[in-house]
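Peer 1: In case you want the letters, here they are:
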Amino acid sequence: EAAVTQSPRNKVAVTGGKVTLSCNQTNNHNNMYWYRQDTGHGLRLIHYSYGAGSTEKGDIPDGYKASRPSQENFSLILELATPSQTSVYFCASGWSAYAEQFFGPGTRLTVL
Amino acid sequence: GDSVTQKEGLVTLTEGLPVMLNCTYQTIYSNAFLFWYVHYLNESPRLLLKSSTDNKRTEHQGFHATLHKSSSSFHLQKSSAQLSDSALYYCAGGSNAKLTFGKGTKLSVKS
Numbered sequence: 073e074a075a076v077t078q079s080p081r082n083k084v085a086v087t088g089g090k091v092t093l094s095c096n097q098t099n100n101h102n103n104m105y106w107y108r109q110d111t112g113h114g115l116r117l118i119h120y121s122y123g124a125g126s127t128e129k130g131d132i133p134d135g136y137k138a139s140r141p142s143q144e145n146f147s148l149i150l151e152l153a154t155p156s157q158t159s160v161y162f163c164a165s166g167w168s169a170y171a172e173q174f175f176g177p178g179t180r181l182t183v184l
Numbered sequence: 433g434d435s436v437t438q439k440e441g442l443v444t445l446t447e448g449l450p451v452m453l454n455c456t457y458q459t460i461y462s463n464a465f466l467f468w469y470v471h472y473l474n475e476s477p478r479l480l481l482k483s484s485t486d487n488k489r490t491e492h493q494g495f496h497a498t499l500h501k502s503s504s505s506f507h508l509q510k511s512s513a514q515l516s517d518s519a520l521y522y523c524a525g526g527s528n529a530k531l532t533f534g535k536g537t538k539l540s541v542k543s
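One line per chain: the protein sequences are A and B, in this order.
The C-terminal position of the first sequence is numbered 184 in our numbering, with every residue numbered one higher than the one before it.
The C-terminal position of the second sequence is numbered 543 in our numbering, with every residue numbered one higher than the one before it.
A few of these clues could be false.
[What the hints assert, rightly or not] List of simulated lysine-lysine pairs, DSS-like, C-alpha gap at most 27 Å:
no., chain 1, residue 1, chain 2, residue 2
1, B, K482, B, K501
2, B, K535, A, K129
3, B, K510, B, K535
4, B, K530, A, K137
5, A, K83, B, K542
[Said to hold, decoys possible] Sample of chain B residues lacking proximity to chain A, with all beta carbon distances greater than 10 Å (derived):
no., residue
6, Q438
7, V443
8, L445
9, E447
10, V451
11, T456
12, S476
13, L479
14, T485
15, K488
16, G494
17, T498
18, S504
19, L531
20, S540
21, V541
[Stated by the list, open to error] What the simulated footprint calls covered on chain A by chain B, stretch by stretch (three residues with Cβ under 8 Å from a Cβ of chain B suffice, anywhere in the stretch; the number is not a length):
no., region
22, 81 to 90
23, 121 to 133
24, 143 to 154
I should point out that these hints are in silico values taken from the structure, not numbers from a laboratory.
No experiment lies behind these values; they were computed from the predicted model shown.
Virtual Cβ for every residue (Gly too), placed ideally from N, Cα, C.
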């Protein structure tokens, strides 16, 4: 059974603070993705990765960094959090863009 | 670049009526893959069905969709809505390294 986990599940941060969202997958998938979900915008791709050591910019990368230290782990980093980054963040893994993506449970981030 | 359009933000139906959620796409690549993902409340989004074959009907869990490359469409249909179909539905297109999602259509089925 595919398994993608995220931590933390809920986070409250202050404006200007640093936030790190973590994702772990046990599927041995090459690709991993970070999305944010906002009403009226759907799922938007922030960063993605083809494998350990690689990160690529998605459609809305500004204000975010990503790190893929291993096949299993993919982190999303907000160096200077802003209220506009309040959202629900989903991590996903998959073999390729043509294959099914498996999503984690999501992280609800509130930036005050 | 690639784009996916879901014009309806909210569709409200009475149980038993047919469902049709619209999806159109634009891609610069000819080998597009189209997907429908479903997101139930308090769960993770998951794949409902996918297709890359022109004019071939794809079915899963009572839903079906046919990719029409001539009209760049991949509409999701079901013959009879159930209360349990209430969810957020995303159409997505993948043609290169990543998926592009539409804004989503919330389906609300009432008794």
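Peer 1: Say whether it holds or is violated: L479/B keeps its Cβ farther than 10 Å from all Cβ of chain A.
Peer 2: Nearest chain A Cβ is 5 Å from L479/B, so the label is violated.
Peer 1: Confirm or reject the statement that T456/B sits farther than 10 Å, beta carbon to beta carbon, from all of chain A.
Peer 2: 15 Å, holds
Peer 1: Is the Cβ of T485/B more than 10 Å away from each Cβ in chain A?
Peer 2: 12 Å, holds
Peer 1: If I take the minimum Cβ distance from V541/B to any residue of chain A, is it greater than 10 Å?
Peer 2: 20 Å, holds
Peer 1: So S476/B supposedly isn't at the interface. Is its beta-carbon more than 10 Å from every beta-carbon in chain A?
Peer 2: For S476/B, whose nearest Cβ neighbour in chain A is about 4 Å away, the distance does not exceed 10 Å, so it is violated.
Peer 1: For L531/B, is the shortest CB-to-CB distance to chain A above 10 Å, so the non-interface label stands?
Peer 2: Per Cβ check, L531/B is inside 10 Å of chain A; nearest 6 Å; violated.
Peer 1: Checking a non-interface call: every C-beta of chain A should be farther than 10 Å from the C-beta of T498/B. Is that right?
Peer 2: Non-interface label on T498/B holds, nearest chain A Cβ at 18 Å vs cutoff 10 Å.
Peer 1: Against chain A, does Q438/B keep a CB gap of more than 10 Å to every residue?
Peer 2: 8 Å, violated
Peer 1: Looking at V443/B again, its CB stays over 10 Å from all of chain A?
Peer 2: 15 Å, holds
Peer 1: Within a Cα-Cα threshold of 27 Å, do K535/B and K129/A meet the stated pairing?
Peer 2: 20 Å, holds
Peer 1: Three residues minimum, CB to CB under 8 Å: does the region 143 to 154 of chain A make the cut for coverage by chain B? Let me know.
Peer 2: As far as the region 143 to 154 of chain A goes, the hint is violated, because 0 residues have Cβ atoms under 8 Å from chain B.
Peer 1: How does the region 121 to 133 of chain A fare against chain B when you require at least three residues with a CB closer than 8 Å, holds or violated?
Peer 2: Held - the region 121 to 133 of chain A has 4 residues with a Cβ nearer than 8 Å to chain B, which meets the minimum of three.
Going down the numbered hints, you'll see the structure goes against 5, 6, 12, 13, 19, 22, 24, while the others check out.
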